[in-house]
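Protein chains: 2
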Amino acid sequence: MDIIKGGVCAPKGFTANGVHCGIRKNRTKRDIALIYSEKKASAAAVYTTNLVKGAPLTVTKNNIADGKAQAIVCNSGNANTCNANGIEIAEKMCAVTAKHLNIKSDDIVVASTGVIGQELSIEPIENSMAELCAGLGDHSDFAAEGIMTTDVAKKEIAVSFTIGGKECRIGGIAKGSGMIHPNMATMHVFITTDCAISSEMLQKALSEDITKTFNMISIDGDTSTNDMVTVLANGMAENEEITSAGEDFNEFCKALNTVTVYLCRCIAGDGEGATKLLECTVSGADKEETAKTVARSVICSSLTKAAMFGADANWGRVLCAIGYSGAEIDVNKVDVAFSSPKGTIDVCKNGSGVDFSEEKAKEILLEKEINIIVNLNSGSEKAVAWGCDLTYDYVKINGDYRT
Amino acid sequence: MDIIKGGVCAPKGFTANGVHCGIRKNRTKRDIALIYSEKKASAAAVYTTNLVKGAPLTVTKNNIADGKAQAIVCNSGNANTCNANGIEIAEKMCAVTAKHLNIKSDDIVVASTGVIGQELSIEPIENSMAELCAGLGDHSDFAAEGIMTTDVAKKEIAVSFTIGGKECRIGGIAKGSGMIHPNMATMHVFITTDCAISSEMLQKALSEDITKTFNMISIDGDTSTNDMVTVLANGMAENEEITSAGEDFNEFCKALNTVTVYLCRCIAGDGEGATKLLECTVSGADKEETAKTVARSVICSSLTKAAMFGADANWGRVLCAIGYSGAEIDVNKVDVAFSSPKGTIDVCKNGSGVDFSEEKAKEILLEKEINIIVNLNSGSEKAVAWGCDLTYDYVKINGDYRT
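Going down the list, the protein sequences come from chains A and B.
Count along the first sequence starting at 1, add 1046, and that's the number in this note's numbering.
Count along the second sequence starting at 1, add 1046, and that's the number in this note's numbering.
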């Protein structure tokens, strides 16, 4: 498997674009994105479990009920959620996109991200659709920008791999930032592939993958109303279609996982206001679920996150988060270490502190990527979760988000 | 019932003191507290559910297994948790206190609060015990200061009420601030009363009370390792001892609830870095548990907390937190309003936004106490939860807590 350029446009037959349509006041920021497949594609998606769901999710769910889609349209700056006319606007977004692409309205995945509870006007979307469609091309980066809200960095990746002697590609873009605490589905992630795979197997691959990737991230403990991960597979790599489990399916899942783990790390590291990516690796668990519960609890702890921001090796907060995670563990067996490119330092053995050099710990924790390594010493199961530090800027960004 | 002065020393037969013993470097801050009852008292307590438990909790649990205690000793600056010698030190704290008070070591409630995972030296405690005991008197405020960590304000209250024609009193002090997300028990709260009540009924009163008080607060979602609420009842009011449910017990519970709700609001309003007390009142629920779940979810939402810091009426985040709370509710029936001494403003009806004056909303949200009023319009059950805003100072305090 190779990492390649091109993002969502790397797979054959996919083009993309992003423009400024005017939902956001800042004219230099693209605020609508479009991804288009020459051929109708197998489509799979997972959605937020929040009972308050964005109107676009309801419309998308209906549109891909037949397992097929051909385009993805997504605006940023307004979530089209908790508005009385939400469904109507989401359907209009599909209709206007379909008209310009000359495809069917129910072959469109529609998504919105931004402020909740402000009516989304269809006008700027209608007015910019001709330009958006005319500019479709090798512009994964424009689409990646078009879906950003408070994200600082664009998030895109593509990989190539071989199935049945045919070269296949998977590409993905994502937006993350705030209100991220996935539970079954998360954020906006749009993935394309030219691999031929049935809708059923595509859904299976995605649903299994997210339990170890997007459901293991948290920025702020808030599960969004609008999260979704969508994959379109147009089959243009001309491999024999994957219709059941087996070697080809495993290869596909491996490539998909490379894309999703990369995007997870991007989303966590670019959490609102974040200065650091936190990775918590839990090993030695009796069950995988125990390892997951512990890893998630650690990266969700506000106190641990604030300590990491301050490069303070306050490991007691890690122990505390393990203790209240709800997982049944033996506290007296727990080891904790901090690791980064500057080295690894043991801070706790068997549930009690060990002597360590504060100077060395500071050096390790001043890095941009920190791994919190937990060994429960009670089995062989493991899990990884990703998060970020809690900073002044998170508060700043969210103290006045709507203006 | 009247609010009276005197804190934990208001009930007959109770004295208290607090001194600087040297655990904290700041010599102007008292860091050890003592509460003493002339007569041995009925004792009840609730403890954190965190699997990582401070050593003092284990020792206290053993000491009051017989339902009796006569003194409470608590240091701040060090939690005596996750240390190999934790139990030994907690027992030494009891022994040295007992020796100076000339009471039994197992009649002592011992507690510690502060940094986790640093060994607590017995020396400063031993060296200051004579001074601490000699100064016992009407000094509830010294004790309240002695248990503070990053708390800005002392938290104390007392009430008087009548049982069987006898005037009784309940007093309480508390420390809160960070690592507060109670689950069955919380923080350090020490309550005294001269009401005569059996250990069993005292425990019943406390255990029932906390489900509507301390378990409905959250500062940061982190359930501490050292939380406990303790009540000592020495019977010196000479009422007929309460040994069963009935009118007297109800009177006692009502008075206890006045004390605990007051302390809850103090703890929430003085959360680490907080500038505002948030109160979320949920009504119209089908079940009390639903109302509690929703209220807790709203006051735990980092995004809602940050919006309140910025006085931003971003009610979509309230809806979002209701949606992911886990409670089964009908989103399309939910009403939300913001209220403060400056007035009340409706922001959401039937799950969708309503037009409101941003100017008026800002005026309301700039106040120090904000009530987030949620009506689920699906029944008659209700609940209240308390929290605080998320601010730059929370991050500052917790980015470098240990130094």
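Hints may contain errors.
A pair holds if it fits inside one copy or across any two, identical chains being indistinguishable in the list.
[What the hints assert, rightly or not] Cut-off 27 Å, straight-line C-alpha distance, at most; resulting in silico cross-link-like pairs (DSSO-like, lysine-lysine):
id: 1; residue 1: Lys-1406; residue 2: Lys-1442
id: 2; residue 1: Lys-1395; residue 2: Lys-1138
id: 3; residue 1: Lys-1071; residue 2: Lys-1408
id: 4; residue 1: Lys-1114; residue 2: Lys-1150
FYI, nobody ran anything at the bench for these hints, they're computed from the structure.
As the structure is a prediction and not an experimental result, all values here were calculated from the model.
What hints, given by number in increasing order, does this structure fail?
-> No hint contradicted; all consistent.
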